[in-house]
Amino acid sequence: MPDLRDASGTYTVHTLFNEETTVEREIIEHLKSAKLGWTWHSREELRQYRPDEREVLLLPVLREKLKELNPTILTDDDRVEAIITRLRACRDNQQWLTWLKQGVNYQFDPAEKAQDVRLIDYDDLEANDWWVTNQFPVVGHSARRPDIVLIVNGIPIVVIEAKTASRAKPDWREGAKQLGMYAEEIDQLFYTNAYSVGVNETRMMYGVPGRRLQFWLQWRDPWPHEIDEYDEMRVSLYGLFDRNNLLDFIRHFIVFATRDGKTEKVVVRYQQYLAVKDILNRATDLTLPPEKRRGLIWQTQGSGKTLTMIFAARSLWEEPDLEQPTVILLVDREQLGDQMDRELKSVGTENVHVAANKRDLEEMLSGDYRGVILTTVHLFEGMPKQVTKRRANVIVMADEAHRTQERELGTYMRSALEGASLFGFTGTPIENNDHNTPKAWGYVKDDGLIERYMGRPYTVTDALRDGVVRPIHWQPRVSDWQLHGTKLDLAFKREFGRLPAEEQNRLTTDGARLDALLLHSQRIAQITGDVANHLTEHVRPNGFKGMLVCKDKQAVLLYTQALRTLLGDAVVTAVISQAPKDDSAEVQTLYLSEAKRKKLLNEFLLPAQSELADHQDKPYRKVELLVVCDMLLTGFDAPILQALYLDKKLLNHSLLQTIARVNRPYNELKGHGLILDYYGIFDHLNEALNYRPDEMGDIAFPFDTIREHFRKTLQQVWDLFPTETVPRDASHDAFIAAMKILRDQEGAEKQFDTGYRNLRVLYEALQPDEQLRDFVRPYAWLTKLYLLYRKKFYPDASKSIEATAEDAARTRELIREHIDVDALEIAFPTYVLDEHFLTKLKDKKPDAKALEIEAMLSAELRIRLDQDETFRSLSERLQRLIDEKRAGTLAGIALIEELERVSEAVRAAVSEGNRPIAEQIALKVKARNPAIADVQAAAIAAATLDEADKLCFPGWWNSSAVDPDLSRALLFMIATRFPASGLLADDAMGFIATLVQLLRRRHYQPLQEG
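In the working numbering, the protein residues as written are 1 to 1010.
Note that these hints are calculated values from the structure, not bench results.
Values in this document were obtained by computation on a predicted structure and should not be read as measured data.
Glycine residues also receive a C-beta, built at the ideal position from the N, C-alpha and C atoms.
Check the hints yourself; a few may be wrong.
Using 20 Å as the maximum straight-line C-alpha spacing, the simulated PhoX-like pairs for lysine-lysine come out as follows [stated by the list, open to error]:
1) 599 / 581
2) 599 / 262
3) 750 / 885
4) 618 / 262
5) 622 / 598
6) 445 / 292
If you anchor each label on the Cβ, the simulated ranges turn out as follows [claimed, not checked]:
7) 701 / 181: 34 to 40 Å
8) 258 / 651: 46 to 52 Å
9) 552 / 228: 52 to 58 Å
10) 724 / 261: 46 to 52 Å
11) 122 / 715: 52 to 58 Å
12) 85 / 452: 53 to 59 Å
13) 570 / 712: 37 to 43 Å
14) 382 / 228: 53 to 59 Å
15) 580 / 360: 24 to 30 Å
16) 840 / 872: 25 to 31 Å
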C-alpha cells in the first residue's frame, strides 16, 4: 500500500482550504503534529480506496491491515473476505465497538474453533494506520460531506464538524446538531463511530450524535500532553485525539447503558478517566506496600461518580498485571447497593457477584473468587482476619467512603482484607473534624503525612462550569414557622407561651418542643398550601416534579394526607422504609411493596402529562410530588426533579447529598434546581456546613440572584438595540431596524439568540412573580422580536409566529396575552420564492426590502444546501454579499440589486430542480458528456427510469436497501445498451451514485413520474 504521508510533514494550505475552513485547517495541523501523529490524506487520494461514496470503509486498507494483524488466522483471501463481509453487513454501533475492542469472533470451518480476528493492535500503536481526511463525501439517504473524519485501519472512528465562531450564529452547537442530522442521513458513517465532535475556534465538545446538547461535554485535560489550560480548544483536541487515549477510550471507556428497554451510548468524562488512570497506576504496582496503594477520590454529587467506579472496576478486571483480581465495590446501605447493581447490569459488566449475606461474602473471599463483588459494609461485621490471605490483587472501592467508618465495620473490613488496595469515593468534601476518613483511605506519603485527595478533586464549581450539574438556588418560605436555631424559641413562645406553666414544662426539651411545632396542624396546613401552590404555579407548567423532605414518618403521613387533599391522590406519593413493629397503623398505610416502589421510582422519571403511547401503561408517571424523610436522600437520580421542599434539619454531607437531588440536567428549561427552605437552614448555611471554605465552592445561591440575573440579562439584550435607531413603539420600522442590527453587526445575532434563550429560562423560573411586573412588557417586546426573527431567517424551525413548545409555559402564556399574532402575520407576511417574489417587495422601503430578500435567501439556501450540494456556490455568493455589507463596502440600491440577482439565480436553480425527473437525468448525462446528442440523453434517461421502476417501491428513499441493486442495474444498463456513451469513463460509480442520489432526492415514485 502506498505511503501517502507528506515527507515534509506539512501541506500547502491554499490548495486545501478557503477562508471558511480555518477551523478544519487548525485541527488537521495539530493532528499531523509529531505529538499526535496522525497522517492527512485528501479526499482525492482516498478515492482510490473508496470509489463508491456509499461505502465508508476503506476496503483495500482494511484488507491489508486484517492480514497484517492476523497472519496466522487469515491465511488466504477467502478468509479475509469472510471477515469483510461480516463487517460490511453490521449496522449496529454497539456490535462494531465490541469488535473494535475484542476482535471479530469467527469460525471459518466446522472443524476449527472460532477465533478472534483483531481489527486494532492495542499493544503496538505504530502497527495501526492513523489517517485523517477532510470534506469526506458520503452518499446515504442524502449526499453529505462531513468536515473531518478520523480513520483507523480503514475504519472511520471519529467525525468532527467544525464551525467558524465569527459567523453570525454558528458555534459548536450547530456542528453537534448537524452531526445528529448526519447520523440519520448518512447513517453508515456512524455504525463504527466511537464519538463525534462539534468545534469552533475556541471550544471543542464531544458526544453522541442525536443526543441532547446538554449531554455533550468538554474534555478539559490534555494528558499526557502539556497545553495551556486557557487554550480550551487545544486542551480538548490533545486529550481526545492522543492515539493512546483514543484506543483506551474504545477499549475501556465507552459503554452502552440499557434502562427501561432503551439503550444509550455513554462516553467517559475527563474527570472519570483521570481518576481511573490514577487508581490503575497505584493498584497495579503490587510491589508497593498497601499504604501506598490507596487514595480518596472526591467527585461531586451528580458528576457520574458511580460510573467512575464501574469504569475502574472493568479496567482493573481487564488489567493483565493484576492477574484476574478481586474487585470489591463497597456501599454502606442496601439502597445504594441496588443502585450500583442496576448500573452494573445496565452497562453489561461481567463477572459480578452480589453478596447475599455474611456467609456468602466470606465464602466468596476465602474461596479465592476472581471478579467483581458488590457488598454492603455491614456484611463484614464479625468476619475473620486475613480472609483473603493478604492477597495484593484485591482492590476495594467504597462509595461514600466517610460512612463506611461507622461503628467497627471499617475495622472488620480492613482486617479481613489485609494487604488489599483501598480506594474511597466521596461526593462531598471531607469535613473539618473528620480525621478518620483520610486515615482509613488516604495514601501515606514518604514523610508519613496522609494525602487529602488523590488527583485533582472534581468540585461542584467544576461541575457547574462543565454543565454536568445545574446550579441550586434556595428560597426561604413561610418564615414564621422556620425552626432552625433561635427561631425554635421564638416560635415556641408564640404558639405555646399562653399555656399553663405545667403544660409548658412538659415540652421543656428541644426535641419535645420541636415535635410540637413541626407537627402543629396550622404549620402543616400553611406549608402544604404553599407547596401545592408552588408546584402548580412554578414546577408543573414546564413538566418538572418535586420532592418534600420532612423529619420523620409521622410528618410524612401528615404531609401526604394534606397534600393529597389539595393535589389529588395520584399526584402525591410517600416513600418510606418499613418497620412494622415500630410504625403506627396509619403510617403502615403508606407502605409500598418492593416491586411497587421500584416501579414508582422508574415511572416518576417520566413526564406526568406524557402522551407517548409506551407511557400510557405507566400510572406512576402521574406522580409529581414525593414525600420522604430518610429514603431517596442519596443515590436517587431523577433529572426531572426540580424543586425540593425542605422541612428537616440536615447538616454537612447529609445536607449536601439531599439538595443535590435537584441538580441534574434535564432539558434547556431546567436552568437550575430549587430548594424551598421551610426549616430555616439556609439562613445559617455556614453553621450547617463544617467544611474548608476553599473546598466548598458554590453550593447554593439565594433565589434573589435569579431575579438579579434576569434583570442584568434583560438589560444586556435590550442594549443591543439603541433606542435612537430602534424605537420601542412596536412599529414595523422598529422591528425592521432591530433585525437589521442582528444581521449587520458582527456577533449581534449570536448575542441575541443566546441572551434571549437564557432570559426565557430565567423568566420561566420566576413567573408568576410580582417583582417582574415592570419587566413583562420589555420581555414581551424581545419575545416578539425573537418570534419574528425566527420566522424570517429560520422558517424551517418556525413556520409561523405562533408560540411553540420551545417557548415554554409562561412565555406561551405571555405571547397569548401580549402579542397579536394575526396582526404580526399581516405586517410580516411569509413570502414564497417564485416569479412574483420581488414584485411583492417593490413598494417596501430599501432597508425592509433588503432584509426581506436576505432573509428569504438565507433560509432557502440553508434548507436547499442540506439537500443538494449544487446550491453551495449560491450560498457562498450570498455570504460574500453579507460580508461586504458588514464591511460597509456594499449598501443601499447596489446591495438590493446584487441581492435581486442572487434571488433570480436561486429561483432558476430551484426551477431547474423542479423539472420532470427525466429531463433532470438527461441534463446529468449531458453534463457528464456534452457530446451526447439530446435524443440519446433522453433515451438514457428513459432507460434509467425503466430500471428504477423495476426495483423501487413507495418510500424506498427512507433506507439504503435499494441502492446496491439499483446501482448495479444502472451500471449494467449503460454498459450494455449505451457502451459508446462515454459515461463510464473515470469514476463510473461516482456518476452512477449521482443518478441514484437524484432519484432519491426527488423521492421518485415508480411509474408515476417522467
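Between the beta carbons of residue 122 and residue 715, is the distance compatible with 52 to 58 Å?
holds (55 Å)
If you check the beta carbons of residue 724 and residue 261, does the distance land in 46 to 52 Å?
Since the Cβ atoms of residue 724 and residue 261 sit about 59 Å apart, the hinted range of 46 to 52 Å is violated.
Between residue 580 and residue 360, is the Cβ distance one that fits in 24 to 30 Å?
holds (26 Å)
Restraint check for residue 622 with residue 598, where alpha carbons must lie at most 20 Å apart
Status holds; Cα separation ~15 Å.
Can you confirm whether the C-alpha distance between residue 599 and residue 581 stays at or below 20 Å?
With Cα atoms ~26 Å apart, residue 599 and residue 581 exceed 20 Å; violated.
Is it true that the CA of residue 618 sits at most 20 Å from the CA of residue 262?
holds (16 Å)
For the pair residue 840 and residue 872, does the Cβ-Cβ distance stay inside 25 to 31 Å?
holds (28 Å)
Cβ separation of residue 701 and residue 181, checked against the hinted range 34 to 40 Å:
Holds, at about 37 Å.
Given a hint of 53 to 59 Å, does the C-beta separation of residue 382 and residue 228 actually sit inside it?
holds (55 Å)
Honestly, do residue 570 and residue 712 meet the 37 to 43 Å range at C-beta?
With a Cβ separation near 41 Å, residue 570 and residue 712 satisfy 37 to 43 Å, so the hint holds.
Is residue 599 close enough to residue 262, meaning Cα to Cα at most 20 Å?
holds (16 Å)
Would you check the hint for residue 750 and residue 885, treating anything up to 20 Å between C-alpha atoms as holding?
holds (18 Å)
The structure does not agree with the numbered hints 1, 8, 10 stated previously, though it agrees with the rest.
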